[in-house]
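Using the sequences plus the hints, can you model the full thing?
For the record, the sequence lines run as chains A and B. If you're matching positions, the first sequence starts at 1 in our numbering and goes up one per residue. If you're matching positions, the second sequence starts at 1 in our numbering and goes up one per residue.
Hints may be right or wrong, so weigh each one.
Since the list gives no way to pick out one identical chain from another, each pair is judged satisfied if it fits inside one copy or across any two copies.
[Unchecked claim] Keeping only pairs whose Cα atoms sit at most 30 Å apart, straight-line, the calculated DSBU-like set for lysine-lysine is:
#1 K423 x K391
#2 K397 x K323
#3 K390 x K323
#4 K323 x K391
#5 K8 x K323
#6 K344 x K302
#7 K204 x K423
#8 K8 x K391
#9 K390 x K423
#10 K323 x K204
Treat the hints as calculated values from the structure; they're not laboratory data.
Number of protein chains: 2
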Amino acid sequence: MADAPILKPQPIGGFPEWQPGEKLVEDRFLEVIRRQFRRFGFTPIETPAVERTEVMTAKGVVDKEIYGLSRLAAADDAEAGGDLALHFDLTVPTARYVAQHMNRLVFPFRRYQIQKVWRGERPQAGRFREFYQCDIDIVGNGSLSPLADAEIPVVIHTIFRDLDIGGAVVRLNNRKLLQGLVESHGVAAERFAAALRAIDALEKIGRDGVAAALVAEAGMDAAAADRLLATLAAPVASPQDLAGAGSGPLFAAGLDELTQVVDGMRALGMPDDGYRLDLSIARGLDYYTGTVYETVLTALPKIGSVCSGGRYDDLASAYTRQKLPGVGISIGLTRLLARLFEAKIVTPAGQTPATTLVTTMDRARLADYLAIAAALRTAGIDTEVFTEPKKLGDQLKYADRKGFRFAVIAGEDEFAAGTVQVKDLAAQTQESVAAAKLATYLNREDK
Amino acid sequence: MADAPILKPQPIGGFPEWQPGEKLVEDRFLEVIRRQFRRFGFTPIETPAVERTEVMTAKGVVDKEIYGLSRLAAADDAEAGGDLALHFDLTVPTARYVAQHMNRLVFPFRRYQIQKVWRGERPQAGRFREFYQCDIDIVGNGSLSPLADAEIPVVIHTIFRDLDIGGAVVRLNNRKLLQGLVESHGVAAERFAAALRAIDALEKIGRDGVAAALVAEAGMDAAAADRLLATLAAPVASPQDLAGAGSGPLFAAGLDELTQVVDGMRALGMPDDGYRLDLSIARGLDYYTGTVYETVLTALPKIGSVCSGGRYDDLASAYTRQKLPGVGISIGLTRLLARLFEAKIVTPAGQTPATTLVTTMDRARLADYLAIAAALRTAGIDTEVFTEPKKLGDQLKYADRKGFRFAVIAGEDEFAAGTVQVKDLAAQTQESVAAAKLATYLNREDK
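Given below as structure tokens:
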């Protein structure tokens, strides 16, 4: 085997791979996200990594970003198959899932979906070709109350509170309200989309750029564009403040929805500093028809929205004539984690999920060490037992490098006395503990 | 949109998609598996879904089973890329991962990995093209104690105990011991592999078939083959029973390893009925060099091994000259679940992870219902609040269809009295509970 060719393993651009300590952080995040999704009554679904290519391209998405599949070394093209492709988001699969299983689902259908998605883009700084999305949606059959829109930001607030990264603010708006405002400033209905696209670029091209775009693309005169932008920039404490800001049925409908959403959110326990009304949020996609959300980290606002979504009129128009209005949001977990690691807001943990290493200094007492480990595990303590014939000093070095909190040590004296030594590797202290009380001791100390 | 073409969504053969109730079961299984992997000190890693094609085919695996990736609608072949492929197991990615990150890992490296894998096989009954594998491995640098081999079956025993599907028995053997037995029955070293391959087919082709194969492939005479098969079939209560069954250094080394593994397992709390020594287990792959495992469900033995693995000499010889011996095992979760659903050993749950639905019969009191839901969620109770303007009867029907345990009901009388009605949908009973004590009540009843 010494002559076997050696392949040098290399990272693949755009496909992130965490170190063990980083993966432990990702798992903690996934656990918090999952727990809150379930806490609010969302049920998990999981779709295959692939969809039929015709499903993936049904909405005319740029198919260059899609990875197609083929069987390597197939005898011919038919055998290779070319009709499957990796999903590039979780919205298309969910739409297909809901349409396919509609008769068995109970509506409103509240689902969460945490899966990787793939985009065959050229890799560039900060862009991933494989990443986790964590989505929730509430989908109605025929209709869906704005109360559903009120729940989404509360879920997101609770998650970012529990992630322990300094919290986040959910910014929200309503596209009908925004269209009504645009209309109230003189834009014709057929130019709403152009106006909203211009407003959506506010962070990217700045106020002057948007003003110019509103004139050029949406047919506004400069003064009206200026007044509109001043309205969009003004702080809004509550929907009631907006009563005189616009007029017309679109504006009224949007204001009514936004009022219900804010009232609902507050009744659901959203604190004042957990959300902000922001009239300038448009969300690029015309897919959204009512409430829209963006989420900004309090500790890292400059990375932009880490969690966006909104209300849509019809989830699955490509597959069914049944009207399925819904509201949803998506956390881009991989990008979020990468930014948090870069900014050192989150520090990777050690290389073990366990708190405790049972050392094995005396190989003649192996059975006793294993019994200690077994008892700790039964008591719910994540425990590793050191398996190799090494000196105690090496075992403690190992414990330190791997990031255990405690090392349990016992030799003849301890076995004779019915005790063990517990070394706290964080505090650099050591204590003698009755063997029978070890689990209780570790559970108490591990706070 | 009424004229838009309608695509009929269809299942894709070999790519399973669970219904919500089935997915809740899968999530419960994943949670049990993850918890016990961590309980024993295994740390999670996750590799991309793809590897470079050269890495995937480094060991000469039949590449027809591999799905290659290409960017749809790329301008040319170079842009399409053809150098990436979906992983078909988690062993190749782990070998590459360990070699790539070797300098940052602490050995013995104990990792778990729960991911989907893909195989581009022609779909046939019971075969999946996408499925979950749940793997653990302990990898040493240079050497690894048989104690590591002792831990693996205890993890697996604990998982199958906690899955609540009637338990499982881990069958184990040692390939050195088996080679030593074969040698003691007159087979030459260069025919060990052929003999073990024959023995590995025991369940498939039966005793007579194996006897014939031992004669034809391994050069045994019929009487010796018969004696060997009798030895392999005899029950073995403990390794000590085997003392006289064979001779020679291979046999002695295998027996010594097996003895250490069994002693270690027992010290770690493995009960007598949790494992069985089975000399006929060979595992087809020559990759395994010592301990080998198979796992059979007590309630469903006929589906064969649901969790197999063993000890190997060198994890990553394709990438590094560093010797990395290890031991591991893999649960084929998707296949296991499919068989359990088919056999009705596991029954899919409802369509919600939540226990409690807060109904909303009086739309004027929406804020109060939302506050009740918020309080329950804060108390750790998974809760949905009914969002739509429907009659109470419809809401209760919804609760029933979705599978909630409790429906919380309140009207003017209850609000005036500071109480709520709790309907237990399983027991079909209803009780009045003080609003302030609702969370305590639900936590107590939900046993």
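### Query
Is it within, between, both or neither when you check K8 against K323 at 30 Å Cα-Cα?
between (53 Å within a copy, 16 Å between copies)
### Query
Using 30 Å as the alpha-carbon threshold, which applies to K323 and K391: within, between, both, or neither?
Intra 69 Å, inter 22 Å, cutoff 30 Å: inter-copy only.
### Query
How do K390 and K423 come out at 30 Å by Cα distance, when the copy is not named: within, between, both, or neither?
within (18 Å within a copy, 61 Å between copies)
### Message
Checking an output row: K344 and K302, CA cutoff 30 Å. Within, between, both or neither?
### Response
within (15 Å within a copy, 52 Å between copies)
### Query
Checking K423 and K391: alpha-carbon separation at most 30 Å within a copy, between copies, both or neither?
within (16 Å within a copy, 62 Å between copies)
### Intra/inter-copy verdict for K323 and K204 if alpha-carbon distance must be at most 30 Å
For K323 and K204, the Cα distance exceeds 30 Å both inside one copy (35 Å) and across copies (53 Å).
### Query
How would you classify K8 and K391 at a CA-CA limit of 30 Å: within, between, both, or neither?
Neither: 34 Å inside a copy, 66 Å across copies.
### Query
Within a copy, between copies, both or neither: where do K390 and K323 come within 30 Å Cα-Cα?
between (67 Å within a copy, 18 Å between copies)
### Message
Please sort K397 with K323 into within, between, both or neither, judging by C-alpha distance up to 30 Å.
### Response
Cα proximity of K397 and K323: across copies only (22 Å, versus 62 Å in one copy).
### Message
Within, between, both or neither: how does the pair K204, K423 come out at a Cα-Cα threshold of 30 Å?
### Response
Neither: 54 Å inside a chain and 53 Å across chains, both beyond 30 Å.
In this structure, the hints that do not hold are numbers 7, 8 and 10, in rising order.
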